Amino acid sequence: MPTELKQLNETAPDTGGTNRLTVDLWTRRPVCGPRVTVIDRLSSLRAAGTLADFSVATWPDEIVISDRNRHSELLGTIEEFEAWAADNGVSLRPPFETRTASLLVGRSKEVLTTPMLLASLYDGDDVVGVYPCTDGEHNWTVPEFLDALEAEGTVSGAGKAVALPMTDPEST
1 MPTELKQLNE
11 TAPDTGGTNR
21 LTVDLWTRRP
31 VCGPRVTVID
41 RLSSLRAAGT
51 LADFSVATWP
61 DEIVISDRNR
71 HSELLGTIEE
81 FEAWAADNGV
91 SLRPPFETRT
101 ASLLVGRSKE
111 VLTTPMLLAS
121 LYDGDDVVGV
131 YPCTDGEHNW
141 TVPEFLDALE
151 AEGTVSGAGK
161 AVALPMTDPE
171 ST
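Residue numbering for the sequence shown follows my numbering, starting at 1 and increasing by one per position.
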């Protein structure tokens, strides 16, 4: 993996369960402070059997969009997140932002700014949630997503006034 993208896989002991829910946590460096709190919460959810597993990956602050050779896999993953958002009537912008960066020699490049923290929820190989996201009226954060999992022990919703946007894992 490129130096800008490092991944740590946390593997839970096999409990013989049928839970296929996993979370990929994407973070910028350094992995400290609130990010460690999120990792601790994911560990607790895995220990409780709510999640089958989770992984933690770091990504660069910005990705040059035209640099597809260097970041093709990562850009493909982000495109998968964007497709899920479009299918579910939400947006991932912000925190993903595209802007033009000027170079010293008069040229410019398109760059994609990555979020400080993003959680993607999978049922098997299918994306069923990406947080943070927004519908224009409400922003769903990574902590709200974790609150819903902790409260419900499932991905059916937050159990609060505003349900979390997600694909029903039963329909995938």
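Since the hints were made in silico from the structure, they are not lab data.
If you're wondering where the values come from, they're calculated on a predicted model, not measured in any experiment.
Check before you lean on any hint, since a few could be wrong.
When the alpha-carbon atoms are kept at most 20 Å apart in a straight line, the in silico DMTMM-like pairs for lysine to aspartate or glutamate are as follows [to be verified]: (1) Lys-109 x Asp-135; (2) Lys-109 x Glu-152; (3) Lys-109 x Glu-97; (4) Lys-109 x Glu-150.
Using C-beta positions, here's what the derived DEER-type ranges look like [claimed, not checked]: (5) Val-36 x Ser-102: 15 to 25 Å; (6) Ala-48 x His-138: 19 to 29 Å; (7) Asp-61 x Ala-151: 31 to 41 Å; (8) Arg-107 x Arg-20: 40 to 50 Å; (9) Gly-124 x Leu-75: 20 to 30 Å; (10) Gly-76 x Gly-124: 11 to 21 Å; (11) Leu-104 x Asp-125: 42 to 52 Å; (12) Glu-152 x Ser-66: 20 to 30 Å.
Idealized CB from N, CA, C, for every residue including glycine.
Here is what the structure says about each hint:
1. Lys-109 x Asp-135: 29 Å, violated
2. Lys-109 x Glu-152: 44 Å, violated
3. Lys-109 x Glu-97: 14 Å, holds
4. Lys-109 x Glu-150: 42 Å, violated
5. Val-36 x Ser-102: 15 to 25 Å: Violated, since Val-36 and Ser-102 (Cβ atoms, about 36 Å apart) do not stay within the stated range.
6. Ala-48 x His-138: 19 to 29 Å: 27 Å, holds
7. Asp-61 x Ala-151: 31 to 41 Å: 32 Å, holds
8. Arg-107 x Arg-20: 40 to 50 Å: 46 Å, holds
9. Gly-124 x Leu-75: 20 to 30 Å: Holds: the Cβ-Cβ distance is about 23 Å, inside 20 to 30 Å.
10. Gly-76 x Gly-124: 11 to 21 Å: 18 Å Cβ-Cβ, so the 11 to 21 Å window holds.
11. Leu-104 x Asp-125: 42 to 52 Å: With a Cβ separation near 43 Å, Leu-104 and Asp-125 satisfy 42 to 52 Å, so the hint holds.
12. Glu-152 x Ser-66: 20 to 30 Å: 42 Å, violated
In this structure, the earlier hints numbered 1, 2, 4, 5 and 12 are contradicted, and the remaining ones agree with it.
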